[in-house]
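> Now for the letters of each chain:
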Amino acid sequence: MDLHKLSLNQQLEGLKKGEFTSTELTSHYISRITEFDEQINSFITVTEDMALSQAKAADERYKNKTNLPLDGLPIAHKDIFCTKGVLTTCGSKMLSNFEAPYSSTVYEKLDKEGMVMLGKTNMDEFAMGSSNETSYFGPVKNPWNTEYVPGGSSGGSASCVSAELAPIATATDTGGSIRQPASLCGLTGIKPTYGRVSRYGMIAFASSLDQAGVVARSAEDAALILEAMSGHDPKDSTSLKLDKPNLSKELKSSIKGMKIGLPKEFFEKEMPSYIEQSIEEAIEVYKSLGAEVVEVSLSNINLSLPIYYIIAPAECSANLSRYDGVRYGYRCENPIDIEDLFMRTREEGFGAEVKRRILIGTYALSAGYYDAYYLKAQKCRQLVANDFSEAFKSVDVILSPTTPGTSFKSGEKTSDPIEMYLQDIFTIPANLAGLPGLSIPCGEHQGLPLGMQLVGNSLEESKLLQFAYSYQSNTDWHKKMPNI
Amino acid sequence: MKNYSEDWEAVIGLEIHVQLSTKSKLFSGASTNFGALPNTQACNIDLALPGVLPVLNEEVLRMAIKLGKALNAEINSPTSFARKNYFYPDSPKGYQISQMDRPIVEDGYLDIETDKGAKRIGVTRAHLEEDAGKSLHDDFEGQSGIDLNRAGTPLLEIVSEPEISSSEEAVAYLKSIHSIIRYLEISDGNMAEGSMRCDANVSVRKKGDEKLGTRTETKNVNSFRFVEKAIQYEIERQIHELESGNKITQETRLYDSQANTTRPMRSKEFANDYRYFPEPDLLPINLKKEFIEEVLATMPEMPNQKRERFVSQFSLSEYDAGLLAADKDLADFFEEVTKVSNSPKLSANWIMGELSAELNNENLSIKESKVTSNKLGQLISRIEDGTISGKIAKDIFEKMWSSGKEVDAIIKDEGLEQVTDDKEIETMIDEVIANNPEQLEQYRSGKDRLFGFFVGQVMKASQGKANPKQVNDILKSKLEK
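If you read the sequences in order, they're chains C and L.
My numbering puts the first residue of the first sequence at 19, with every later residue one more than the last.
My numbering puts the first residue of the second sequence at 35, with every later residue one more than the last.
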């Protein structure tokens, strides 16, 4: 049986009915990883022994009828989530030797529901990048065509789910790091409302923008795991005081009569005709399902990229100060004194993109520049958020392309950071406003998948998933998988 | 150094760091106990492991609100935290979580008293921040050790306006803050252990000048006396420099208590830019009105209020009331003694006289007194009811101090009751007069000073037990005859 072709719910049913065991399911994925991951480099660490022992424990619980809600389902975790006793690198040389002494809330929640961890997925260093080429552990390849990038920073998570080396994977999104790789790998990726999922134990890049979510093969799979990850966490002061939502149930509601907004500022931009065409087709599908489509204006949306490239680096410049070689992680050889220890550890331990952002952020916060950059960016950020609030008075979701194009070749954009940063032009606004965003496959161009993005109002993840589920119930784009 | 004070005036501002006596740290659940083995009280959050997040200890809000009230200040709501960025090995995150734009306490004042009278000193702000760890250089050959037990301990930094004009005022202000934090029980205020630390910003200018002079910051002076000396030294040094035609360098200086001088700290090649920005891991805190009111309802009586009450309720002098009220333990002790003795004035005298002397001798705090408030009260009530004289009481007090016995037991065992029987005293006086005919002659011929001699003789004869007032009265009438 091709166990990896089953949806998460089908796998869960199979486990409950005893059609196969978690050990069989887990071993199946482990052998696929062993067989195929060499081609795509989507895992930094494969936790085979741990996975098999977790699977065995799940099987025991099924036998004793004490099984947990998601018992025995395998999952891959982005290597940004601390997992006790397991290497947690964040894709960096700086943490290449760091075995976390505690687990993130995301890991613990899924562990408590019985999920089996297959391993830790590759990522751009400290989640900074849009092509997964900045990882200390080597670039990740796109399973649709290994000459192409999978997107980033959650490139490993997207790549392994796309290649069916894991049925689902956790990911994080600061400016598009879930939605962009989902789009480039033909997956469903969702970033919930800021504060919906605890950030405790998720290694910080830009604290006010970072949010955890999943990359999955369908909206249904995504809903099942996202609801288990959600909920208030007293260890994260920015976590919302809300119980976990019932997304799996809510996503099946009809979208009839709901309104889709098309931001004119996005559609005024020149975009490749294949994207225009795919989006138009998707709009037609929604119209046929009874949704209404209207134009909306997000007049400050063009400020998003510059705002983001001040706030995110500013926060990262402080968040990454703790990597100083004193307490854990990489430390340079034979430091002469403390200054030398700090400087060489950071010089040698961080890659070029991370250093670039630390420098930008340090500059933006410096005396004499703070008001002109950081403070102004925060004010503009509020304007962007206000635009969304205004738009959501008249529409339920906002639809746009996820990315300016399909995937690009490895090395194509590495020499031009600005070109790379433009990858996130459609995704960044949702992070600035703290809103939920989702990408689903909606087309294909020259053998590479293409996604559309839906952004919802605060806490309306279920509405986004409703839209995604309705679309996927009437189209097949999400069912296409690469041949690997 | 010559006295320059005629031409010059000093402008002083103090920054006082108060370590708050919470059970756990500002942003983590780790214990704050002093003196534990290195790094045994540092949890994942204090170690700044990747992925950890701060969660505010609510107790500090209560403490800060109380301090704000005692300093007649505004309580800011919302109040927010900021990151102060700098690299240092004992600062695990590479930034300190502090407050910048909206400190919890802002715009207050404190009334102080010196020999020159009363003065109001403005308090700019008091903000919450976390303490750093400690670098240990002694035990590690060519290396440094880091102890993160103190990292994350809550501090309130209280910043005064530059309105202090002498070292005496600075100490009065510092002592007043010390008294307040002890009254509020938000810190033990122990300067030697570093739970209260003081940095002094000092500049001088010619009297009448509007423009402030260049200031220096003298760091971490760890006793009241050293604060006074360090500031005095710094004022005189700056005046001396300026009068010699030199300029003052804006710098951080350290006080050397051995040499009684200040000297520049090894200067950094570039000025620190802390790159403050709002802490994104902590949302601004809205302090609800009901919460503030609930906290304020638990405010104890403050030193100034207590002083005024001591004056009106017990008819103490302003001076005595002020001395007693400055220290909460001392004030409590006084009230306990008074309750038993029913004599506030005498109780105050005994506490500030005999008792303080013994405590100082043995370097004990009032709480460690070998004579309890109850026992001291009994002793005083025996003076009041005439059982013993004040002089005998002093001897008895010595015995109580060393033996721990109660006053009545000592009086009984040693037969020390005061002689108050007129007849008995008369007999003694008659005997003394009969034994000293020569002195009697001289007295009666006008040598009044000899009265004291007769009193002394009578007291000696009674072994000090005769009531002095009765002796005086009876002796006078007998000698006049």
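A couple of the hints might just be wrong.
Under the rule of at most 20 Å between Cα atoms (straight-line distance), these lysine to aspartate or glutamate pairs were calculated in the DMTMM-like manner [stated by the list, open to error]:
1. C:K253 with L:E92
2. L:K503 with L:E432
3. L:K404 with L:E388
4. C:K34 with C:D129
5. L:K57 with L:E191
6. C:K81 with C:E37
7. L:K245 with L:E285
8. C:K397 with L:D135
9. C:K274 with C:E294
10. L:K373 with L:D363
11. L:K168 with C:D355
12. C:K259 with L:E92
13. C:K253 with L:E275
14. L:K241 with L:E275
15. C:K394 with L:D135
16. C:K287 with C:E437
17. L:K168 with C:E357
18. L:K373 with L:E396
Calculated directly from the structure, the hints in this document are not laboratory data.
What you are looking at is a predicted structure, and each value in this text was computed from that prediction instead of being measured.
> Under the criterion that the straight-line Cα-Cα distance not exceed 20 Å, is the pair C:K81, C:E37 satisfied?
holds, 13 Å
> Is L:K168 within 20 Å of C:D355, Cα to Cα?
Since the Cα atoms of L:K168 and C:D355 sit roughly 17 Å apart, the hinted pair holds (cutoff 20 Å).
> If you draw a straight line from the CA of C:K259 to the CA of L:E92, is it 20 Å or shorter?
With Cα atoms ~17 Å apart, C:K259 and L:E92 stay inside 20 Å; holds.
> Please work out if L:K168 and C:E357 have their alpha carbons no farther apart than 20 Å.
holds, 17 Å
> Compare the distance between the alpha carbons of L:K404 and L:E388 with 20 Å, and conclude whether the hinted pair is satisfied.
holds, 12 Å
> Below or equal to 20 Å on CA atoms is what counts here, so check L:K503 against L:E432.
violated, 24 Å
> Quick one, are L:K373 and L:D363 close enough, alpha carbons at most 20 Å?
holds, 15 Å
> Is it true that the CA of C:K253 sits at most 20 Å from the CA of L:E92?
Answer holds: C:K253 to L:E92 is near 14 Å, not above 20 Å.
> Keeping to a limit of 20 Å between CA atoms, is the pair of C:K34 and C:D129 held or broken?
At roughly 18 Å apart (the allowed maximum being 20 Å), C:D129 and C:K34 satisfy the hint.
> Does L:E396 lie within 20 Å of L:K373 when you go C-alpha to C-alpha?
This hinted pair is violated, its Cα atoms lying about 26 Å apart.
> Would the hint linking C:K274 and C:E294 be met if the CA-CA limit is 20 Å?
Measuring from Cα to Cα gives roughly 24 Å; hence the hint is violated.
> Sort out whether L:E191 lies within 20 Å of L:K57, counting only the CA atoms.
holds, 19 Å
Violated hints, in rising order: 2, 9, 13, 18; the structure is consistent with all others.
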